[in-house]
Amino acid sequence: MALLEIENLVVEFETASGPFRAVNGVSMKVHEGEVLAIVGESGSGKSVSMLAAMGLLPWTAKVTADKLTFNGRDLLGMPANERRKIIGKDIAMIFQEPVASLNPCFTVGFQIEEVLRVHMGLDKAARRKRAIELFQAVGIPDPAERLNSYPHQMSGGQCQRVMIAIAIACNPKLLIADEPTTALDVTIQKQILDLLMKLQADHGMGLIMITHNMGVVAETADRVVVQYKGRKMEEADVLTLFANPKSNYTRALLAALPDNATGDRLPTISELFVDDQVEGAAR
Amino acid sequence: MSVILEARNIVRDYHVPGSFLKKAKTVHAVKGVSFQVEKGKTLAIVGESGCGKSTLGRILTLIDPATSGELLIEGKTVDIAKGDLTPEMRRKVQIVFQNPYGSLNPRQKIGDILTEPLVINTKTPADERRDRAMTLLKKVGLEEKHYNRYPHMFSGGQRQRIAIARALMLNPKLLVLDEPVSALDLSVQAQVLNLLADLQDEFQLTYVFISHDLSVVRYIADEVMVMYFGEAVEYGSRDEVFADPKHSYTKTLFAATPRADVESIRARLARKKAA
Amino acid sequence: MSQAAATSAVSTDPSRRARLAEFWYYFSENRGAVIGLVFFIFLVLLAIFAPLIAPHDPTQQYRDAVLVPPVWQEGGRADFLLGTDAVGRDMLSRLVYGTQFSLFVGVIVTALSLVVGVVFGVIAGYFRGWVDTAIMRVMDIILAFPSLLLALVLVAILGPGLVNAMIAISLVYQPHFVRLARAAVMSEKTRDYVVAAKVAGAGHTRLMFKTILPNCMAPLIVQATLSFSSAILDAAALGFLGMGAQPPTPEWGTMLAEAREFIQSKWWVVTLPGVAILITVLAINLMGDGLRDALDPKLKRS
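Residue numbers (full-length UniProt numbering), protein chains in the order written: chain P, 1 to 283; chain L, 1 to 275; chain B, 1 to 302.
Derived from the structure by calculation, the hints contain no laboratory data.
All values derive from a computational prediction rather than experimental measurement.
Be a bit skeptical, because a hint or two may be false.
Label-pair ranges, simulated between beta-carbon atoms [said to hold, decoys possible]:
no., chain 1, residue 1, chain 2, residue 2, range
1, L, Glu-144, P, Pro-141, 57 to 63 Å
2, B, Gly-203, P, Ala-243, 56 to 62 Å
3, L, Glu-143, P, Asn-148, 55 to 61 Å
4, P, Lys-124, B, Leu-20, 44 to 50 Å
5, L, Val-27, P, Pro-141, 22 to 28 Å
6, P, Ala-80, B, Thr-271, 26 to 32 Å
7, P, Asn-148, L, Gly-236, 53 to 59 Å
8, L, Glu-143, P, Asn-8, 51 to 57 Å
9, B, Gly-203, P, Asp-142, 49 to 55 Å
10, L, His-152, B, Val-275, 55 to 61 Å
11, L, Val-27, P, Asn-8, 43 to 49 Å
Quick reminder that beta carbons are idealized off the backbone N, C-alpha and C, glycines included.
Based on the sequences and whatever the hints tell you, model everything.
Put into structure tokens, the structure is as follows:
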């Protein structure tokens with residue numbers, strides 16, 4: 001059975017210039033122990049669809065779906081307090097800006113222990129012990145010492161490690177990483193990606209990797225969903241996607257990578273891909 | 001070939017004033033960097049955040065003064081700390097910033113943004129200014145009808161084109177490009193890189209291209225300088241640097257860059273299966 | 001999508017219209033603000049057409065009609081809809097003419113403190129260093145006094161009168177504008193477009209007032225509306241204390257002061273100017289809230 005199952009998800013925002021459809025009929029499944037990458041450029045609705053699944057969108061958003069289940073349980077019809085019990089425990093999320101995702105007023109130790117207290121109900125000593133274990137697991141040196149640090153005393157890469165530690169604190173079944181390395185330098189990106197892959201393999205979690213970077217996709221994913229303007233353009237396993245892309249959009253996206261440049265000029269997406277049908281539908 | 005830009009042992013220190021709990025200290029952002037760029041060529045400065053590449057870019061653009069060292073533009077020394085920055089010198093170097101959303105004044109129309117450098121620096125009459133702005137607007141792939149619009153009506157890629165057009169208004173010799181495509185989507189990135197290449201050919205422009213993205217650098221650069229904690233740890237032609245990196249940091253950087261080719265994916269999947 | 005819609009529009013100046021439409025969308029969501037705006041427009045019309053609307057001359061004393069109650073009360077007379085005061089002047093006419101003074105005070109005080117405050121604030125925020133320290137310490141000193149007390153002292157020095165009261169009040173309000181302008185300039189100053197203008201060769205004056213200032217206006221406009229109402233209030237308070245407009249000027253605060261002795265016996269002489277001040281200030285404050293919703297990007301919902 002699929003861990004997260006989404007069928008025909010539609011998200012609309014109420015704006016000054018009328019309703020805006022950010023996600024337009026997206027369907028996907030994530031299985032246990034699988035790494036799914038959602039790729040797309042800005043405005044493709046890749047983050048919004050995951051936030052909608054988590055119920056984290058502001059009230060101006062209207063979310064509808066034929067099916068939105070986690071572990072067989074319907075997320076949309078569920079009362080808010082039950083949904084909160086699942087989110088943060090069984091589904092965890094990490095974000096692009098690690099420094100901004102941590103509360104600057106509290107030590108990182110307090111923040112991780114709070115998660116353990118709320119979701120796991122551990123006592124004080126057990127929480128401390130588990131927090132140190134988690135910091136070790138994500139590769140933070142001097143874990144006992146670092147628990148007393150404030151977010152601003154740590155680097156971006158360290159903060160992202162703390163975020164990951166908080167995310168895996170309750171042994172989630174599914175981890176959603178929204179551009180987890182975009183704000184980081186390449187050498188740090190490599191470390192964080194390696195860490196995520198190791199944790200994913202060790203715990204057998206499902207991992208959803210939201211990214212715009214084809215390199216990150218190639219280095220992490222098992223299966224890939226390509227999104228464009230709120231629609232799913234293609235879904236394939238990672239090798240097929242790179243070796244033999246079916247959709248014109250994916251082909252154009254790969255051709256625009258400077259790595260793959262053959263001549264003097266880079267082929268651009270508009271040369272290779274005309275989005276008439278998508279444009280018409282989105283209007 | 002004539003050398004457009006030469007830097008000799010550029011140093012930039014920041015003085016961080018102390019308070020009653022902290023002692024005052026000096027941060028060395030750039031520690032003695034030297035290089036030359038020839039006319040019509042592109043020098044890429046690569047490095048991660050905090051390595052001093054943007055500080056160096058601001059020094060080259062004559063925004064901030066260097067603490068010590070010499071900067072020569074077309075063979076003439078410039079030192080803005082001494083206040084010998086003439087308008088002619090100013091016109092020779094222009095800059096394009098990383099974030100296209102912050103680099104255009106939101107309260108100015110595109111036309112005013114483009115003509116402002118001419119208004120300030122020259123006595124060009126209004127209709128000539130307008131003509132020149134229109135020409136460049138078309139040259140960067142926009143249309144005349146965009147002249148009277150405001151920046152917020154454009155996408156990131158279009159704004160970056162406008163920023164490039166503005167930089168070219170004064171006919172500069174040297175363009176400092178500070179991560180010009182980092183904030184852009186992949187498809188737009190390709191368009192802007194193509195545009196930069198076309199403009200370089202047409203106007204014989206010299207580029208200093210500051211970036212953290214090795215794949216972009218490999219595509220656009222003639223020469224590459226790798227910076228690490230304020231020092232230039234590697235400096236050479238593109239093929240030299242990419243084929244045979246000398247410094248260990250350069251090697252780390254190459255190893256960390258994700259690869260998006262089929263062989264690497266196949267190898268990774270095989271490793272995963274084996275594990 | 002709004003982007004595509006905006007770019008395809010072919011009107012001459014689509015942006016200004018779009019911005020106005022967006023402004024109105026956020027402003028009109030706040031019902032109180034719309035009510036405030038409507039009432040404010042009503043006040044402006046009242047002030048402009050006061051000579052046509054007012055049934056009597058505001059300083060004309062009707063000796064046969066002293067302290068006549070409003071028309072709906074026993075003893076009221078149809079000539080004096082809202083009654084008359086202790087020397088037989090028509091209350092309605094005085095209130096109508098009073099809007100002229102109140103709006104005049106609001107406009108002048110706000111404009112004066114806005115312009116001077118913005119100039120000092122922009123200079124302080126742009127140059128920093130000792131200029132900043134000097135300007136801000138002076139502002140701190142002004143802020144250290146209770147505002148009404150300081151205004152009183154200033155009027156005592158300059159001599160009582162509406163003009164002097166306005167000068168005093170605008171001086172008291174100035175630090176708020178200086179601080180706001182300085183903070184806005186400091187955050188805008190490091191933005192890339194400012195550096196770009198600098199690279200284009202722009203000088204200090206151009207950078208300060210042409211490049212940076214237009215981008216700092218939103219919080220200043222909001223503060224201006226809010227101090228508009230406080231200015232009216234403070235002018236009324238000074239008038240009440242005998243330091244503002246002098247009798248027989250039909251200024252609301254002065255009217256209140258003249259009516260002090262009738263506070264228990266003749267309610268309309270005291271209550272009506274008070275109510276006029278209250279609803280005017282309330283309306284402008286509501287409008288200011290709406291402006292803040294519409295102009296402050298931090299409060300905007302996507």
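To see whether the hints hold, each was checked on the structure:
For Glu-144 (chain L) and Pro-141 (chain P), the hinted distance range of 57 to 63 Å is satisfied, since their beta carbons lie about 59 Å from each other. The hinted range of 56 to 62 Å is satisfied by Gly-203 (chain B) and Ala-243 (chain P), whose Cβ atoms lie roughly 58 Å apart. Taking 55 to 61 Å as the suggested C-beta distance range, the pair Glu-143 (chain L) and Asn-148 (chain P) conforms, at roughly 58 Å. Checking the proposed 44 to 50 Å range against Lys-124 (chain P) and Leu-20 (chain B) shows it is violated: the Cβ atoms sit about 58 Å from each other.
Range check, Val-27 (chain L) to Pro-141 (chain P): about 24 Å between beta-carbon atoms, so the 22 to 28 Å window is met. The given range of 26 to 32 Å is broken by Ala-80 (chain P) and Thr-271 (chain B), whose C-beta atoms sit roughly 50 Å from each other. In this structure, Asn-148 (chain P) and Gly-236 (chain L) break the distance hint of 53 to 59 Å, their C-beta atoms being roughly 46 Å apart. For the hinted restraint 51 to 57 Å between Glu-143 (chain L) and Asn-8 (chain P), the CB-CB distance of approximately 39 Å leaves it violated.
Checked against the hint of 49 to 55 Å, the pair Gly-203 (chain B) and Asp-142 (chain P) passes, with Cβ atoms roughly 52 Å apart. Evaluation of the 55 to 61 Å hint for His-152 (chain L) and Val-275 (chain B) yields a failure: the beta carbon distance comes to about 44 Å. For Val-27 (chain L) and Asn-8 (chain P), the Cβ-Cβ distance of about 54 Å falls outside the hinted range of 43 to 49 Å, so the restraint is violated.
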